[in-house]
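*Asks:* Listed here are the chains, written in short residue letters.
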Amino acid sequence: MKKIIDIAPLVVFVLLVLALFSFLQRDNNQLNSVLIDKNFPEFTLTKLEDEDIILSKSDISHFPAIVNVWATWCITCRVEHPFLLNLKKESKIKIYGLNYKDDRQKALSLLERDGNPFEFSIYDKEGSLAIDLGVYGAPETFLINSDGIIKTRHVGALTPEIWNKKFVIHLK
Amino acid sequence: MKSLFFSIILAISQVIWSVGIQNLDVQKELYPFDTGEEEIRFNKLLDDYRCPKCQSSNLSGSNSPIARDLKIEIYRLVKEGKKDYEITEFLTQRYGDFILYKPPFQPSTYLLWIGPFALLLIAILCVFLVKRSKQKKVSDTDLRALKKKFKSESEKR
Amino acid sequence: MIPEIGHLLLIGALVVTFIGGCLPIYEFFSKKYYSQSYVRPFSVLTAFLVSGSLICLIYSFLVDDFSVAYVATNSNTLLPNYYKFAATWGAHEGSLVLWVLCLSLWLVAYMFSKRDVNDPFSSITFAIMNQVIFAFVLFTLFTSNPFERLLPFSPLEGGDLNPSLQDFAFTIHPPLLYLGYSGLALPFSLAIAAMITNNIDSLWARNARPWSLLSCAFLTLGIGLGSWWAYYELGWGGWWFWDPVENAAFVPWLISIALFHSLIVTERRGVFKNWSLLLSILSFAASLLGTFLVRSGVLTSVHAFALDPERGLFILGIFTYFVFGALLIYSLKNTKTQSESTYSLTSVEFGFLLNNLLLVVLAISIMFGTIFPLLYEAYTNGDQVSVGPPYFNVLILPFAIGLGFLQGIGLFLGWSDTKDFKFVNRLLIETLTMLIVINIILYFLFGSFNTGSLVACLLFSWIVSGNFLDIVINKRPLNKIKSFLNFRLGAIFAHLGIAFLVLGIGVVSSYSSEKELLLSVGESYDLDGYVFEFENLSSEKGPNYIADVASLKIQENAQAISLSSEKRNYLSANQVTTEVGIVADLFKDYYVALGENIEGDTWSFRLQVKPFVRWIWFGALLVAIGTFISSIKLLRKET
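Each protein sequence line maps, in turn, to chains V, Y and R.
Converting from the first sequence to the working numbering requires adding 288 to each position, the first position being numbered 1.
Converting from the second sequence to the working numbering requires adding 395 to each position, the first position being numbered 1.
Converting from the third sequence to the working numbering requires adding 136 to each position, the first position being numbered 1.
None of these hints come from the bench; they were simulated from the model.
Just so you know, not all the hints are guaranteed correct.
[To be verified] Here are some chain V residues pointing at chain R (derived, C-beta under 10 Å):
1. ILE293
2. ILE295
3. PRO297
4. PHE311
5. ASN317
6. ILE324
7. LYS326
Glycine included, C-beta positions come from ideal geometry on N, C-alpha and C.
Build out the structure end to end from the sequences listed, making use of the hints.
*Replies:* See below:
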């Protein structure tokens with residue numbers, strides 16, 4: 289009994305160090321989406337390009353697709369923009385935009401100036417659809433597979449590495 | 396002693412004074428409520444939900460855009476009469492359990508919620524067991540000493 | 137030139153502590169005692185080298201030497217001089233040099249605290265301390281060198297010190313906290329020396345106790361200061377958030393308290409040796425673990441030093457070496473030194489035992505709760521959860537009640553057994569009386585009676601009765617009271633400090649008033665009887681910022697109180713901070729935080745009235761004073 293009491297702290301300690309070591313290997317510094325394996329949420333919002341057109345979930349119809357959350361006030365989105373334009377050129381995947389808490393005119397001017405990779409952009413002025421998607425900033429990108437199910441969400445700018453690591457696998 | 400007395404007088408006069416003050420228009424409140432109870436509930440909810448974007452802050456202590464949006468959303472839900480658990484469900488459906496500063500009580504978190512008290516009970520139990528075995532050892536040694544003494548005395552005779 | 141000298145001095149310290157860490161161990165095991173009179177000169181030399189290095193770093197800040205990368209990142213030409221000075225320890229690299237300096241100062245203090253250090257016990261202590269210093273200097277030089285240069289193109293202007301850190305409390309908070317953290321290395325080293333030289337006895341316990349008390353005192357001040365700073369700096373009126381960095385300091389604090397209580401028993405009765413040894417190891421382990429959590433980047437936090445898994449790995453290595461080594465020695469030590477002194481369930485020994493248990497289980501639970509999100513994510517393969525104030529506040533309550541109960545009766549229990557229980561009735565009467573009086577006072581002060589603070593008031597009354605009231609009422613004549621108080625002065629101060637702390641927490645949690653609203657210039661609002669009037673908005677220019685200042689007047693009966701709150705725009709980093717307006721009297725704080733300009737002259741405000749909040753830090757100060765008194769008394773008796 290005595291020996292057990294003396295050795296026990298050592299054993300507990302080793303377990304702790306192993307746990308801490310595993311924490312250091314951890315690669316994830318974003319909030320994981322809880323919409324994975326769910327359908328895209330319902331919504332009723334206007335189209336960025338035409339405020340008379342009301343969009344809803346059924347307008348996101350071509351799968352597989354990505355929905356990219358962007359805004360003119362988002363600096364990182366500028367960094368990501370070329371990648372999206374390239375993706376539109378090189379891939380069959382549809383890119384839908386979610387214009388997040390933005391000014392309509394400014395957004396349209398930006399797309400005019402820098403190019404428009406989106407089939408269309410949803411104008412989410414209040415951020416209500418964003419909240420339903422669990423969005424907490426921009427840029428964010430959701431992948432919807434060919435069955436219409438959300439399979440992954442990335443927070444931050446998309447890069448070729450992240451695209452290959454996180455998105456491509458769901459496109460089979 | 397004097398300052399205590401003074402404060403008591405101050406407090407009494409304050410109660411009398413406040414009766415005469417007009418309160419300002421309720422529209423000036425950022426989140427106007429009809430009942431004080433709703434307001435208290437609202438504030439408590441804001442304390443217990445985590446800002447998803449901030450490194451470490453609750454909704455009431457954060458000025459980030461998402462925190463403000465969520466505050467407005469929760470305000471709307473409280474005004475609609477939604478219960479606490481319904482608001483919690485609304486948020487966790489979108490942001491996961493991460494947004495709760497009070498982890499849910501479920502099998503995967505039993506260790507967290509019950510662990511400390513279980514550990515305390517086990518520790519107290521160990522203490523009693525060790526004490527009992529020590530007590531027994533001492534009484535055994537006493538018994539042996541007594542036996543020895545008895546033996547040596549009987550041998551003397 | 138100066139940065140290079142600073143760098144060299146650190147390398148010098150590395151060499152000296154390497155020798156100091158190895159030589160005594162070698163001497164002990166080869167039984168060749170050269171002259172142990174090198175321990176004192178070596179300690180002084182190490183302290184000089186490290187302080188010299190820190191001075192070089194401070195100098196670089198004061199002369200705006202932006203060719204030094206660390207200075208460029210954390211300072212700015214517009215920064216006032218006293219903040220340039222403090223910016224030295226404002227980020228990871230510089231703070232490590234401060235850590236190492238604290239360690240060296242403790243070493244010098246210990247080496248000169250005793251008349252004679254020419255014995256194996258002292259030289260092994262010296263060796264282990266040197267090893268700790270060596271480890272941290274190595275870590276600094278290899279992964280976190282503050283003297284790295286940005287040549288050949290050094291910037292003309294620096295980043296800046298984070299505006300929320302440009303504050304007086306911040307300049308002294310890290311030094312105090314680090315003195316506390318690093319101080320725990322001493323009882324740790326003493327415990328190892330005791331185990332290696334097989335001197336696990338009252339003398340060792342007597343030796344170790346003042347240093348654990350001192351570490352606790354500094355931790356108390358550091359934590360209290362951090363809490364106070366968060367209160368007036370962060371703008372939402374909170375003073376504790378169970379943030380990982382806060383917990384990283386709170387856990388060693390709890391264990392150090394268990395430690396010096398346990399050492400009392402080991403010193404007086406020769407029992408609890410295993411407890412005292414383990415607690416000595418555990419307290420320093422907690423200190424190292426806290427350092428790991430805060431600097432490795434595994435936990436996100438408001439003020440974790442960001443960073444770098446590579447650095448985390450190094451700290452993990454340091455953590456493993458010292459704690460595994462210590463626990464190994466612990467498991468191999470000679471167990472025949474156990475004495476069989478018995479004590480009953482109503483003895484003070486048993487009380488201390490329960491004290492140890494409660495404190496250690498609480499400390500472990502808080503640590504577990506802090507890293508739980510990481511464990512959870514790994515175990516569930518991706519699900520994330522948060523553990524915050526709602527959990528920890530529930531957790532601590534039963535422990536606080538148990539510990540508070542023990543604090544009340546502690547001074548009445550006897551060694552081995554307690555024969556006289558007459559104190560129980562007296563205590564109950566005194567407690568009840570105090571409880572009623574407090575609630576009457578609260579009712580008169582704040583106009584209502586709140587059951588939420590009942591537990592806190594009860595604990596307060598119980599502890600004050602048992603540590604002060606009963607002594608004064610019951611023990612006569614006056615000179616007996618004086619001698620009793622004198623003997624236990626430190627303990628009384630500390631326990632009373634806890635009482636005030638608990639009362640402050642209870643009252644501010646139940647009796648506070650708060651409102652978030654919009655006000656235009658000239659408008660007023662009545663918050664539970666206190667009338668706040670938004671008098672005026674003006675503009676002000678500071679040394680490195682421009683501010684919008686809102687002046688308010690608060691009407692409390694006939695009295696008018698002025699305060700102001702500002703929104704500051706710091707020019708260099710274009711960061712906006714809120715300066716809260718606080719006016720305090722003996723029983724409450726008025727707390728106003730300016731929000732946003734909604735339109736025209738309408739601004740959003742957060743108005744609060746916080747009763748008894750200052751008593752929290754007043755209590756913390758008393759605890760620090762008490763622990764200081766006890767440790768100084770012990771040290772005085774030695775020399």
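*Asks:* Now tell me, hint by hint, if it's right for this structure.
*Replies:* Results for each hint:
1. Contact between ILE293 (chain V) and chain R, as hinted, is supported at the beta carbon level, the nearest pair being about 7 Å apart and thus within 10 Å.
2. About 5 Å separates the beta-carbon of ILE295 (chain V) from the nearest beta-carbon of chain R, less than 10 Å, and the hint is met.
3. Taking 10 Å as the C-beta contact cut-off toward chain R, the hint placing PRO297 (chain V) at the interface holds, the least distance being around 5 Å.
4. Hint status for PHE311 (chain V): holds, given a least beta-carbon distance of 4 Å to chain R, under 10 Å.
5. At a threshold of 10 Å, the smallest CB-CB gap from ASN317 (chain V) to chain R is about 7 Å, leaving the interface hint in force.
6. Checking ILE324 (chain V) against chain R: minimum C-beta separation of about 9 Å stays under 10 Å; hint holds.
7. The beta carbon of LYS326 (chain V) comes no nearer than 15 Å to any beta carbon in chain R, farther than 10 Å, and the hint placing it at the interface is violated.
Hint check: a violation occurs at hint 7 only; the rest are consistent with the structure.
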